[in-house]
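Asks: These protein sequences, in sequence, are chains A and B. Under the numbering used here, the first sequence has 475 at position 444, and the numbering climbs by one with no breaks. Under the numbering used here, the second sequence has 413 at position 382, and the numbering climbs by one with no breaks.
FYI, nobody ran anything at the bench for these hints, they're computed from the structure. Among the hints, erroneous ones may be present.
All copies of an identical chain are treated as equivalent in the list; a pair is satisfied when it fits inside any one copy or across any two copies.
When the alpha-carbon atoms are kept at most 30 Å apart in a straight line, the in silico DSS-like pairs for lysine-lysine are as follows [as the list claims (entries may be wrong)]:
| no. | residue 1 | residue 2 |
| --- | --- | --- |
| 1 | K219 | K425 |
| 2 | K306 | K112 |
| 3 | K219 | K640 |
| 4 | K426 | K71 |
| 5 | K426 | K219 |
| 6 | K531 | K557 |
There are 2 protein chains.
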Amino acid sequence: MSRSDRCSLRERKVVLEEAGIKTLDPTKYPDGDIAMDAEKRMKTVYELADQMGLESRELLPYGHYMGKIDAAPVLNRLGKKPDGKYIDVTAITPTPLGEGKSTTTIGLVQGLGRRGKRCSAAIRQPSGGPTMGIKGSAAGGGRSQCIPLSQYSLGFTGDINAVQNAHNLAMVALTARMQHERNYSDEKLLAMSGMDRLNIDPTRVEMGWTMDYCCQALRNIIIGIDGGNGSRDGYMMRSRFDITVSSEVMAILAIAADLADLRARIGRIIVAFDKFGNPVTTSDLEVAGAMTAWLVEAVKPNLIQTLEGQPVLVHAGPFANIAIGQSSIIADRVALKLSDYHVTESGFGADVGYEKFWNLKCHYSGLAPDAAVVVATIRALKCHGGAPVPRPGKKLPDEYTRENVEWVEKGCANLLHHIGVVKKSGVSPVVCINAFVSDTKDEIRKVKELCEAAGARVALSRHWECGGEGALELADAVTDACEEKSRFTPLYSWDMSMRKRIETVAREIYGADGVDYSFEASSRLKQIENDPAFADFGLCMVKTHLSLSDNPSLKGVPKGWRLKVGDVLTYGGAGFIVPVAGSISLMPGTGSNPSYRRIDVDTATGRVKGLF
Amino acid sequence: MSRSDRCSLRERKVVLEEAGIKTLDPTKYPDGDIAMDAEKRMKTVYELADQMGLESRELLPYGHYMGKIDAAPVLNRLGKKPDGKYIDVTAITPTPLGEGKSTTTIGLVQGLGRRGKRCSAAIRQPSGGPTMGIKGSAAGGGRSQCIPLSQYSLGFTGDINAVQNAHNLAMVALTARMQHERNYSDEKLLAMSGMDRLNIDPTRVEMGWTMDYCCQALRNIIIGIDGGNGSRDGYMMRSRFDITVSSEVMAILAIAADLADLRARIGRIIVAFDKFGNPVTTSDLEVAGAMTAWLVEAVKPNLIQTLEGQPVLVHAGPFANIAIGQSSIIADRVALKLSDYHVTESGFGADVGYEKFWNLKCHYSGLAPDAAVVVATIRALKCHGGAPVPRPGKKLPDEYTRENVEWVEKGCANLLHHIGVVKKSGVSPVVCINAFVSDTKDEIRKVKELCEAAGARVALSRHWECGGEGALELADAVTDACEEKSRFTPLYSWDMSMRKRIETVAREIYGADGVDYSFEASSRLKQIENDPAFADFGLCMVKTHLSLSDNPSLKGVPKGWRLKVGDVLTYGGAGFIVPVAGSISLMPGTGSNPSYRRIDVDTATGRVKGLF
């Protein structure tokens with residue numbers, strides 16, 4: 032383990048220069064500066080694609096440093112080639128600051144690269160909401176980032192906008208249809224446009240609009256108010272905006288096998304129910320084809336690189352608390368054909384993101400992981416052990432810069448719980464202690480001791496500080512774990528009733544004593560269980576990521592609580608039943624000190640400043 | 032003129048094959064099929080950029096057939112090179128079907144190309160509203176189109192989405208600020224985030240949100256309704272969505288000189304007024320830098336090609352009725368350095384788009400056109416002469432397929448009015464009769480006779496049917512006109528009061544007897560005229576494009592009417608005062624038979640079907 036012992040600045044400099052990688056010291060420079068400096072020396076996307084073995088027509092460049100991979104011909108060409116090893120990165124229950132899961136994903140790939148492996152990462156495209164609300168990159172940090180950083184964070188190749196356009200087109204179609212059905216007789220409707228009456232129930236419109244910001248002002252709105260055009264200003268009703276990345280269209284992009292599967296799923300999205308209780312879908316609104324037309328490019332995964340030049344695929348949705356929160360199946364499939372080791376990331380803690388990776392994403396993809404990394408920080412362990420919760424944009428409480436082995440030990444209960452979740456899936460967990468300069472030897476020793484006793488591999492990793500060279504211990508532990516035979520098995524059978532599946536997740540993954548349903552949730556579940564149309568639907572929970580429970584303020588491993596399910600959504604296209612637990616909203620809010628205040632553009636160079 | 036006489040199918044085939052251009056016959060194939068067929072043989076964007084003399088780092092490819100031009104280095108490199116000839120394409124008052132202005136722009140460039148000229152076009156990016164609402168391409172038609180057609184029409188390189196994101200971020204900042212100012216004391220605000228109270232007047236919020244669809248349901252909405260989170264669900268107030276292309280951000284993109292000018296203008300957008308009547312800007316909300324960050328790529332013009340391989344730059348906003356409706360100054364500036372003839376397009380008729388080209392766009396750019404093309408169709412002339420108004424999606428009335436020289440002659444009054452507008456600007460008009468297969472020789476002879484008598488060059492052009500080969504007469508007339516010395520002069524001095532400028536446009540361009548203001552409009556104008564901050568503001572009228580008057584049902588040259596100005600908007604960033612005439616809305620509606628019903632994707636190839 033000597034190679035991963037904390038290296039002094041001088042030693043580190045030598046190591047990095049020997050490897051031909053020159054990046055700025057993260058203890059002295061912010062993430063944005065490190066990325067901008069490395070971008071001067073980055074590979075073109077053409078070189079990157081060559082290195083991966085892509086043929087030139089399989090890469091669609093977007094500028095000289097980003098591109099899209101036309102996945103269908105690659106999968107055709109390499110269909111018979113065996114897949115590389117498949118590694119998921121998950122984490123303990125994070126603090127509101129995040130525990131460096133993307134950083135570890137990138138760092139691990141950089142470490143595997145140093146060991147001479149053909150490897151790649153898949154991460155999720157960041158949402159404009161957090162980018163504009165909370166300072167910090169969703170592309171890693173320190174010496175483990177992906178570049179080009181600013182373009183990646185702002186619009187990128189347009190996928191989130193395409194999802195938003197597809198989603199909102201369904202709402203345009205719904206609201207126009209409701210207006211026309213109100214204004215015209217059956218005969219007139221038929222004569223004007225050959226349309227039958229859908230009889231949409233205005234009190235049972237399921238879908239809202241989307242916007243990719245944190246915008247509490249649009250959570251609850253009234254639309255269709257007459258502004259002087261009488262019956263031509265829409266149909267007045269309650270409505271809402273959700274953040275785009277929580278859209279069912281985004282979930283579909285994450286789980287679609289290909290464009291044909293995507294098209295079929297888009298057509299099954301339930302927009303509302305009619306006055307007789309039947310679902311009204313995007314196909315009924317005759318808008319599913321046009322929605323798909325917006326997504327033809329979005330279905331192709333995006334390609335950028337790590338600071339050290341390994342390929343990073345970026346595709347589909349963040350937000351594992353309110354959405355599926357997985358990078359796409361298409362991205363993983365392509366990468367597994369092109370790499371010997373492919374590292375993908377599932378959002379937030381193992382209770383939230385890994386549970387969905389395990390029981391939804393892998394169900395649809397048919398893929399099975401060879402290992403799973405559980406990222407932990409001494410910071411989060413202290414928080415679970417009793418230190419005050421740190422907040423973005425506020426000074427880190429002093430408790431986090433002083434040694435406290437007792438808190439760390441107490442907080443390990445949360446980590447051990449997540450290790451247990453991964454083991455329950457039949458996969459070998461590798462705990463990655465994502466090192467901070469403030470961590471002490473005794474704190475780290477305690478974590479290793481407890482995790483090893485629980486049967487997990489443990490690696491201390493300094494990828495933030497030292498890049499791939501700092502992640503060699505982690506890379507070795509992961510390659511080791513991949514040699515073990517995985518006995519990956521689902522948590523529950525899809526033959527089980529939805530209520531039983533919810534109960535299983537609540538008890539076995541969250542540690543709840545049981546589940547309580549609101550009247551609405553309960554009657555909705557009854558309908559679902561009685562309707563054979565929902566028989567093969569999956570379960571996608573909406574729950575806070577800040578606690579194993581449904582109450583974000585409960586840290587550690589909460590005991591003696593029951594999961595409260597207030598609502599149940601039906602994603603007909605994705606094929607998900609979505610129980611909403613606790614008081615979680617699909618539209619986050621913007622606080623009083625948002626990061627957009629500090630963002631600007633250097634107009635001489637076009638560089639974005641203050642983003643990270 | 033023999034070469035442009037109607038060529039038989041057989042002759043046409045010979046002509047096209049001789050020139051090495053093979054495109055499908057538009058009398059037999061829809062626009063989408065012609066485009067898709069030509070796309071099999073189109074140049075890569077790399078070849079196109081080479082042909083234009085761009086250096087490789089000046090082109091940013093987006094896939095292999097579209098790209099962005101990094102304008103700043105090109106203008107630096109070629110700053111001293113004299114500009115090519117500058118031609119604007121305008122039209123008579125169109126029918127709701129449009130009269131082929133984009134088709135003529137593309138056709139003219141193809142004709143100039145056949146004559147061996149180095150030439151280019153600049154057109155505007157189509158809005159998702161009409162694309163999803165009304166069948167038909169905004170990229171020309173028949174044998175005069177630009178390609179790749181589907182990608183161009185659906186999201187393209189992301190500019191409209193970037194404009195929407197920038198615009199809506201200002202609304203996120205505004206509504207969050209209003210909520211926080213309501214919820215907290217001055218002391219708390221200052222302590223939490225170092226913010227002073229802006230005291231925004233909720234009854235004087237100027238800006239709405241944007242979405243790039245025709246969505247009447249979002250015209251008038253109430254936001255910020257408490258959904259159970261009490262004071263954390265926003266500030267309840269009336270609000271609205273406008274179509275994105277009408278955004279002031281889009282106007283700024285069209286007129287900005289460069290990124291620095293764009294940044295400065297973005298910071299001057301007036302979002303609301305405070306309780307003392309002072310403007311509250313995006314700079315006051317500390318969001319202007321972040322808005323600009325979304326626009327760093329959007330400021331670079333896009334590059335595609337005609338069916339016959341000439342470069343087409345696409346940049347900024349459509350909708351000259353409710354917005355400036357011009358392709359960007361940056362696109363024209365770059366193209367004038369790279370071409371001997373550059374053809375740009377201003378939206379709708381000369382009363383609407385050309386007036387703004389003349390008195391706004393050229394004021395900001397300092398450029399002067401060498402010629403202006405006025406597009407007319409026998410169809411529109413008949414409509415102005417008394418035939419029933421044709422409607423999109425409905426069968427064309429029989430009147431349009433039968434000869435009626437009298438209606439054509441009567442309708443020419445409208446055409447002569449537009450010729451007069453162009454002449455008033457000091458520029459030589461070239462009338463282009465955009466030929467339809469149903470036009471008769473006598474109808475065409477009458478138009479030529481009347482236009483020539485009014486001192487205009489006239490060309491019959493069959494570019495829709497025959498491509499560039501059909502536009503040679505037009506190309507020759509335009510090159511001729513460009514040799515005349517242009518005496519381009521503004522319609523009014525910017526020293527004149529705003530009221531006087533509005534009166535001048537109403538009388539001299541629209542043919543009104545005068546202007547009547549609503550109480551609100553009048554008091555707003557009084558404020559504006561008394562405030563030196565607005566002294567150097569331009570005038571950007573909002574008026575229907577379907578009539579010279581403010582009433583879309585009045586055809587020909589309406590007499591004995593007064594312009595009704597109901598509202599006056601203030602675009603502090605663009606630097607426009609925007610009087611809204613008649614009952615025109617910034618958010619169009621979706622009808623009962625929208626085109627999205629017929630759009631779908633061929634999932635085997637990724638091709639979009641039914642769009643055109």
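Asks: Against this structure, judge whether each hint is valid.
Replies: Verification of the supplied hints:
no. : hint          : in the structure
1   : K219 <-> K425 : between (61 Å within a copy, 15 Å between copies)
2   : K306 <-> K112 : neither (52 Å within a copy, 68 Å between copies)
3   : K219 <-> K640 : between (57 Å within a copy, 28 Å between copies)
4   : K426 <-> K71  : neither (33 Å within a copy, 59 Å between copies)
5   : K426 <-> K219 : between (64 Å within a copy, 17 Å between copies)
6   : K531 <-> K557 : within (12 Å within a copy, 69 Å between copies)
In summary, the numbered hints that this structure violates are 2 and 4.
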